[in-house]
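Engineer: Build out the structure end to end from the sequences listed, making use of the hints.
Protein chains: 2
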Amino acid sequence: MADEKTDKLPVNVTNLTSQIKSVVNSESPIMAQDFSWLHRGIVEVFPQPTDINSEIESLEKRLANSNRPLRVKLGIDPTGADIHFGHSIPVRKLRAFQDAGHTAVLIIGDFTARIGDPTGKSEVRRQLTQADVAQNAQTYLDQVRPILDFDTPGRLEVRYNSEWLSQLNLGKILELLSTMTVGQMLAKEGFAERYKKENPIFLHEFLYPLMQGYDSVAVEADVELGGTDQKFNIAVGRDLQRHFGQTPQFGLLLPILIGTDGVQKMSKSLGNYVGLSEHPGQKYQKLQGVPDNLLAQYFELLTDLPLDKLPENPRDRQMLLAWEVVKQYHGEQAANEAKEAAKSGGKEGAVPEFSLAEIPHFPAKLAFILNATGLCKSTGEGRRKIQEGGVRLDGDRITDVDITYQEPSELYGRVLQVGKNKFVRLVP
Amino acid sequence: MADEKTDKLPVNVTNLTSQIKSVVNSESPIMAQDFSWLHRGIVEVFPQPTDINSEIESLEKRLANSNRPLRVKLGIDPTGADIHFGHSIPVRKLRAFQDAGHTAVLIIGDFTARIGDPTGKSEVRRQLTQADVAQNAQTYLDQVRPILDFDTPGRLEVRYNSEWLSQLNLGKILELLSTMTVGQMLAKEGFAERYKKENPIFLHEFLYPLMQGYDSVAVEADVELGGTDQKFNIAVGRDLQRHFGQTPQFGLLLPILIGTDGVQKMSKSLGNYVGLSEHPGQKYQKLQGVPDNLLAQYFELLTDLPLDKLPENPRDRQMLLAWEVVKQYHGEQAANEAKEAAKSGGKEGAVPEFSLAEIPHFPAKLAFILNATGLCKSTGEGRRKIQEGGVRLDGDRITDVDITYQEPSELYGRVLQVGKNKFVRLVP
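Chains F and G, in that order, give the protein sequences.
For this note's numbering, add 1115 to where a residue sits in the first sequence, where the first one is 1.
For this note's numbering, add 1115 to where a residue sits in the second sequence, where the first one is 1.
It is possible that part of the hints are untrue.
One copy or two, either will do: identical chains are not told apart, so a pair holds if it fits within one copy or between any two.
Each computed DSSO-like pair below joins lysine-lysine, with the alpha-carbon atoms no more than 30 Å apart [as the list claims (entries may be wrong)]:
| # | residue 1 | residue 2 |
| --- | --- | --- |
| 1 | K1346 | K1311 |
| 2 | K1287 | K1312 |
| 3 | K1383 | K1346 |
These are calculated hints, taken from the structure and not from any lab test.
Structural biologist: Shown next as structure tokens:
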């Protein structure tokens, strides 16, 4: 397992360590400090000191020598409400920086979300209202609350990028654009293939990497976290910071999490995901079934457990993973309950059931069902909770206050949820 | 001569006329109207009704049927102060539209001029102050005053494009950019060659055609005039107007004037130009030497004379051209004087001379010389005139109030000018 991990670390991290040894005194605080929290489960840190350019400072050196907390940026796209464990990977790394005394700067990309796709062609970039964005951002923050340190003063800064992007005028935008050439932009993964295939690339698409890069300027980021697909954009941020007289940020790239099918990238549309807002029992069920080939990565990325002390038996490893992760998000008691429920064979785990036979008549409004199940104290409270975005069915938020079900069978087996902690499974 | 002109008219103008005949009644006001003022000396009008797309309205039809004056746009780059007869070609066409009852919309491109080139690499696009731009714009207007109708109400609108461009925010700019693809932009003449040669094209350069196009949206242009090199930019304006729900403008392309050397495009740096601010005598001298092969184009573009009634003798044609053009800018008396001066062999024409021997001592400040020559009433007025940008030496504006000449010989043969009408030639 430990070997596997070492194999996965990029070669240049090893090079980096030897570089540091050669340039700093062995008594230096850098060598004294333990950076395993930084190195765990990462793909790459850039830039790196190289033989050619050995005066580049390493991130480790910066961390060790800085006389102030570093500002560690993570950008969030508030177009969707629910996030899954794939999204949690950089957030967990952000927490590791917080624990080392640094400042997490979460940037909610509300500006782009509120503009949508100007060509109107992309379903993905549909235009959201300010209220949509605010609600999605709040839902996001609720979901990452168990991961991040929200309480220690100075450890978390939440910023909306409309704060600075809405202030940009044409002069400034020309300046941003002037820092890059068409050739550089077309070299970006994604653009290169589309250009080669003569698929249209709209000019405004060239601005998005610059907007993300300008976020780094605006918050004066020292480090930016992202998936491996973010390397280009993070590098653009470095260039812009240099252009505006700032010390360029480091990029720290994290792997893309494979879904519970063991094959494809975790994704809601592929159904191979574990959602952060799912019930502890659901989380446990999904995680205890993770294929053996994924266990190493899941332990490395989703837990802080030492990787050389894991159980030998694969089934024990699966159960430890499930228990450990549920504990992180819901506490030890919920983890134990989920484990017991799973043992007792109840595939549905610890979700209490409610028999729809108790509802006297259908069609029935959801607000009425919320009251009948006891999740809300009245139909009126049910309506309010729906309006506030606090009601979910199988994890999907319901926003239509008048939604009505014709037959109880439409709801059989589905999990109805209010807020973070109230669930019932609807049964016949 | 008349044949030569017909040859130069693009084939599709002929096609256009036959199209109109086929779609409108011969009693229509279009056929009754004389559009020779429109067709004289142009390269192309676009779009044109075609066999494929015969429902496209022609510019002639629009002119004939519009129940309001059309808005005819010409963009001006206020980075240089002095303009020459090459610049006058579209301005003269603008005057023709004014005389036909339409509104000339002169757009001073102050926004771009004030930004300069954000890469800082282009000497051409150096950043100008607001005061520079205002002075250049004023100088431009002074020079085109003899061409345009400044007096008839509703015939002239002067606009500065910072009025709308400085108001653009990132959302709007993304929208502008989203109307075009990288492939379309790289097809633009200039970009295509540079991209092929792997010469860098900076991203902000893609915004300039869109900014010019957005000018058309802002002023709701019906027609845009420009040199043949402006076809792409004018077409971008059409696309943006369509995007914003306006009827797209027509493009009217004018030829690039060949300089007095008969070979290259007229250009100040090549020395083959006649400046609009030059003395009548200088204009006459230069124009009476225009090579025979250029006379047809010069008559067509720089005068309103009927082209089939020109003198047969080439020397007579040269003199008629020179006289006619000087008359346009300075009136009949000045034209006659310039002609007499030229006849009497004085290569310097009607410029009075001032002997520098009259100045008691050198080094001498220019402000002092201005007083000594009588061009200004005092050294103080000389300083003020320099500060106001009203003083030129050989047509180049002097802006340094303290400029000092060490020896009279530095000035021998040069023409010193204050305002539009006061000149002396400095002689030993």
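Engineer: Honestly, which of those hints from before does the structure not fit?
Structural biologist: Violated: none.
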